[in-house]
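There are 2 protein chains.
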Amino acid sequence: MTKREKPGLSIRIDLPGGGRFGPGKAALLDAIADLGSINKAATHLGMSYPRAKKLVEEMNRDFGAPLIISAQGGADGGGSRLTETAENIRNIYRDLCNRSLAHNKALLASLCRPKSGD
Amino acid sequence: MTKREKPGLSIRIDLPGGGRFGPGKAALLDAIADLGSINKAATHLGMSYPRAKKLVEEMNRDFGAPLIISAQGGADGGGSRLTETAENIRNIYRDLCNRSLAHNKALLASLCRPKSGD
Chain A
1 MTKREKPGLS IRIDLPGGGR FGPGKAALLD AIADLGSINK AATHLGMSYP RAKKLVEEMN
61 RDFGAPLIIS AQGGADGGGS RLTETAENIR NIYRDLCNRS LAHNKALLAS LCRPKSGD
Chain B
1 MTKREKPGLS IRIDLPGGGR FGPGKAALLD AIADLGSINK AATHLGMSYP RAKKLVEEMN
61 RDFGAPLIIS AQGGADGGGS RLTETAENIR NIYRDLCNRS LAHNKALLAS LCRPKSGD
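Chains as they are written, first to last, in the working numbering: chain A, 1 to 118; chain B, 1 to 118.
Chain A extracted, bound-state conformation (with noise of 0.2 Å):
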């Protein structure tokens, strides 16, 4: 891993039903988008295929709807691509992440700033 030069925030969202929402599931979100697949998706982000079904199960779960359409052709053979609400939750989660880390740069500044000697 290398390392930032800035810091930087992960922001995980906790549901009221209990259930999470953060930067995996987000990663999976995007590559689904970008992949057409959730097998490609998996592989792509290092991740096993049922572990990326069942954050998909979660997320349907959680949110009350499904986020990923699956077309026929076998376990993902058809490809799959995100629902209008997938693309939402992806949004919002980008919105939130971009506006937490504009709005405390000053703050994460005076967290950070340069020790002596480095």
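Some hints could be false.
Calculated lysine-lysine pairs in the DSBU-like style (CA-CA distance at most 30 Å, straight line) [stated by the list, open to error]:
#: 1; chain 1: A; residue 1: Lys-6; chain 2: A; residue 2: Lys-105
#: 2; chain 1: B; residue 1: Lys-40; chain 2: B; residue 2: Lys-105
#: 3; chain 1: A; residue 1: Lys-40; chain 2: A; residue 2: Lys-53
#: 4; chain 1: B; residue 1: Lys-40; chain 2: B; residue 2: Lys-54
#: 5; chain 1: A; residue 1: Lys-105; chain 2: B; residue 2: Lys-105
#: 6; chain 1: B; residue 1: Lys-6; chain 2: A; residue 2: Lys-105
#: 7; chain 1: A; residue 1: Lys-6; chain 2: B; residue 2: Lys-105
#: 8; chain 1: A; residue 1: Lys-53; chain 2: B; residue 2: Lys-6
#: 9; chain 1: A; residue 1: Lys-6; chain 2: B; residue 2: Lys-54
The set of hints was computed from the structure by calculation and includes no laboratory data.
Starting from the known structure of chain A, arrange chain B on it as the hints suggest.
Chain B in isolation, oriented as in the chain A frame:
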């Protein structure tokens, strides 16, 4: 675990040097401040003493300054307290969490609107 009524945020700061500061370390600083002892803080959080010591050492390294001052008297027997650096980090983290939640209330509400049939 009880279920949340409102959505919340769990925020981790990813520091430039590769370190991380999030809810767990913040809770440890809070508990040491409240209880005056790493040992009591660890017990309060259901954490082992070696684990708590390890987290304190990580923070000392990541922020380049001691965060905890331990008085003489065996393994934490004389008590411990936060340094000014630690108090500063604690305040910054709390501000950052509060601000992120405040600035994103509308976004979070739109993510967690009640679903019909629930």
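Exercise. Is Lys-105 (chain A) close enough to Lys-105 (chain B), meaning Cα to Cα at most 30 Å?
Worked result: holds (19 Å)
For this session: Mind checking the alpha carbons of Lys-40 (chain B) and Lys-105 (chain B) for me, to see if they're no more than 30 Å apart?
Result: Not satisfied, since the Cα-Cα distance of roughly 35 Å exceeds 30 Å.
Problem set entry | Restraint status (C-alpha distance of Lys-6 (chain A) to Lys-105 (chain B) at most 30 Å) | holds (26 Å)
Problem set entry | Pair hint Lys-40 (chain B) and Lys-54 (chain B), alpha-carbon separation not exceeding 30 Å | holds (15 Å)
Exercise. Is it true that the CA of Lys-6 (chain B) sits at most 30 Å from the CA of Lys-105 (chain A)?
Worked result: holds (26 Å)
For this session: For the pair we were handed, Lys-40 (chain A) and Lys-53 (chain A), check the Cα-Cα distance against 30 Å.
Result: Distance ~12 Å between Lys-40 (chain A) and Lys-53 (chain A) Cα, so the pair holds.
For this session: With a cut-off of 30 Å on the C-alpha distance, tell me whether Lys-53 (chain A) and Lys-6 (chain B) pass.
Result: holds (27 Å)
Exercise. Are the Cα atoms of Lys-6 (chain A) and Lys-54 (chain B) separated by 30 Å or less?
Worked result: Measuring from Cα to Cα gives roughly 25 Å; hence the hint holds.
For this session: For the pair we were handed, Lys-6 (chain A) and Lys-105 (chain A), check the Cα-Cα distance against 30 Å.
Result: With Cα atoms ~10 Å apart, Lys-6 (chain A) and Lys-105 (chain A) stay inside 30 Å; holds.
Checked against the numbered hints given earlier, the structure breaks only hint 2 and satisfies all the rest.
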